[in-house]
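Protein chains in written order, with the numbering used here: chain A, 1028 to 1267; chain B, -1 to 329.
Derived from the structure by calculation, the hints contain no laboratory data. Nothing here was measured: the structure is a model prediction, and the numbers come from that model. Where is the CB? At the ideal position from N, CA and C, for every residue including glycine. Please note that the accuracy of each hint is not assured.
As the list claims (entries may be wrong) - Subject to a maximum C-alpha distance of 25 Å in a straight line, what follows is the list of computed SDA-like cross-link-like pairs (lysine to any residue):
1) A:K1032 x B:K277
2) A:K1032 x B:M310
3) A:K1032 x B:K193
4) A:K1074 x A:S1050
5) A:K1032 x B:D197
6) B:K277 x A:L1044
7) B:K193 x A:Q1111
8) B:K311 x A:N1039
9) B:K258 x A:Q1111
10) B:K193 x A:F1250
11) A:K1100 x B:Y213
12) B:K193 x A:Q1263
13) B:K258 x A:G1113
14) B:K193 x A:E1094
15) A:K1060 x A:E1094
16) A:K1128 x A:F1179
17) B:K6 x B:L80
18) A:K1060 x A:V1147
19) B:K193 x A:I1260
20) B:K274 x A:F1179
21) B:K33 x B:K258
22) B:K311 x A:Y1102
Stated by the list, open to error - Here chain B is said to cover these stretches of chain A; the calculated rule only asks that three of the stretch's residues, wherever they fall, bring their Cβ under 8 Å from a Cβ of chain B:
23) 1074 to 1086
24) 1104 to 1114
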Amino acid sequence: MRTGKTAFFGINGIDSLIGEGLSYGSQIMIKGKSGLGKSVLAAQFVKETLACRDNCIYVCCDEAPREMREYLKQYGIHPWPYEQAGRLVFVDAYSLEPTGKNYFPSEDGLEKYLSLEKEVINGMNHDSPTRIIIDSLSTLFLGRDDQEIMEFHRYRLKLLKKSGIISMDLMVDEILEESMFKLSAHLYDVIINMYYSGSMERPIRALHMGKMKSGKFDSSQLFFTIDSNIGLIIMQNLVG
Amino acid sequence: MDENKLDKDHFSFKSLNNLFWGISHLADKVPMGGKNYVEIACDYYTERMFNEYIKPIFKPVSTNVIDLCMAWLEIMDNEGFLDKNDYQLYNEGDYTHIRVAPHNCTYFEYCAAVNKEDLPVVCPRMLSCKWIATNYAGRQYQLKTETFSETELCRGTIYPGEMISEILTRDGDNITIAGERAIVLSTNAFGILVKTIYDYAPHLLERVLYESTYYSSLLEYDKVESYYNSDRDIIGHLLNTVHRLGNIRYEIMEFDSVNKRAVVYAYGSYMAEIFKKNKLSTSPKTACASGKGRLAAYFTKAWGEEIVCEEMKCEAFGDEHCEFTLLPKRL
């Protein structure tokens, strides 16, 4: 496996905030209300991952992998060759009926999810590092008790860190209690909080890096817009 | 007879072969060189020879391509330059196929030598037939030849078609490529242009490089589409043109027009060089957005539906070549 390199989001403006980049094993939480652009950011992260020749596991909890594939195409990445090469794997945690070997029924316990995730990770090509995205982790947690969530959360992230896997967990604000976010926040190296700023009449999308465990990253507020082909565009980039 | 004195005929024969060999070498070295340069040189040579020596005695029985070629070969045979029995010609619609036994051919040494050295080559004999056809049959003809082999018949086809105007030419103060004014940029100058876009609008860079190449490549395809009969030949010609411009050497590794899939390797990517030199990405990654745009455009035109291109390997990443996979977007 290649060592010594660091990872980026693939989004100018955000990348410039993280200096030398994220070390492998870093954990990222992307948090915000529905429709703010979390999945768009995740799609750009997939694109960056594959362009850097890393492996990518995408866990679909809020829509079927088929829809995510179309979504990726919109942002300029056709998943088919990467899936054929074993560099991109979708886990279906959305569909009601089994759709293949990487299927997780939502009624199963989180332990079963963990063993599926381990199996998928073990099946990746170990010559390249792996990044894993759960879209969204808050949906995976739905209907489960707080203790199960916290135990799973702590164990999983520790395991991923140890394996040098970058994880990106998407969290939808309305789904989980705010207290759950607070409890799990300390487990992450980077938290990107997405929200609406500006007035009610003219809301502006904004984000900031709410928490940087190492304290080495800038936490400026960034305004952004979403282009249907490019993805997130940080407005600071529009003025040079 | 002085034994040290060179045989005059042998000397002329050697001179002719070496002269053509020199033209092929030159065509390989000059920017935008290649087969067309040799073809143009041959056309001029045939025209001059024909007008000076052949024209008064050229009496074809009709303006049918085979009759024109036979009348020309007859004269050459009478003059002792070839044996007309080495030539077989037959028609297939508008196409005239030529088969030539190579060993008696004046240009055998030239063809064998340039073939070994992988230099641009045209068959001067078949090309002269094409020239005669174009000048006497009242329409433009093109020649397509198969790879030369010392042990098999040489094969070529003369077919109706315009000469592709693609060579770098000089037009007064300007140079043109395919009839359009051209500018030559160093990778340093182009790198600065790209870096400026990156500095002011980094989110747009990939899109700018992809789309500018995509749309210009669609036009390139349109320009040469009518000269070839197969999509593979058109794409082969276009990729060869990119190579002749000194940009990138492409190699088609897989070409499945039924399922619409292709794999293309690229060597010597200038974009990979520019990306590395100007630090246009935060970490090593695939860099050839323009290559993707070019191939996506060519294959979209060829296969009649939206084809997308993914770069699976890249020289910017340290790979020995870039690798592109092409497939339908709908897949």
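Okay, the hints, checked on the actual structure:
1. A:K1032 x B:K277: 15 Å, holds
2. A:K1032 x B:M310: 19 Å, holds
3. A:K1032 x B:K193: 23 Å, holds
4. A:K1074 x A:S1050: 18 Å, holds
5. A:K1032 x B:D197: The hint holds at about 23 Å.
6. B:K277 x A:L1044: 17 Å, holds
7. B:K193 x A:Q1111: 34 Å, violated
8. B:K311 x A:N1039: Satisfied, since the Cα-Cα distance of roughly 23 Å is no more than 25 Å.
9. B:K258 x A:Q1111: 16 Å, holds
10. B:K193 x A:F1250: 24 Å, holds
11. A:K1100 x B:Y213: Since the Cα atoms of K1100 of chain A and Y213 of chain B sit roughly 19 Å apart, the hinted pair holds (cutoff 25 Å).
12. B:K193 x A:Q1263: 18 Å, holds
13. B:K258 x A:G1113: 21 Å, holds
14. B:K193 x A:E1094: The given pair, whose Cα atoms are some 35 Å apart, is violated under the 25 Å limit.
15. A:K1060 x A:E1094: Satisfied, since the Cα-Cα distance of roughly 20 Å is no more than 25 Å.
16. A:K1128 x A:F1179: 22 Å, holds
17. B:K6 x B:L80: 18 Å, holds
18. A:K1060 x A:V1147: Status violated; Cα separation ~29 Å.
19. B:K193 x A:I1260: 18 Å, holds
20. B:K274 x A:F1179: 42 Å, violated
21. B:K33 x B:K258: 29 Å, violated
22. B:K311 x A:Y1102: Holds, because 19 Å separates the two Cα atoms, which is no more than 25 Å.
23. 1074 to 1086: Coverage by chain B holds for the segment 1074 to 1086 of chain A (4 residues, Cβ < 8 Å).
24. 1104 to 1114: holds (count 6)
Comparing the model with each earlier hint shows violations of hints 7, 14, 18, 20 and 21; every other hint is respected.
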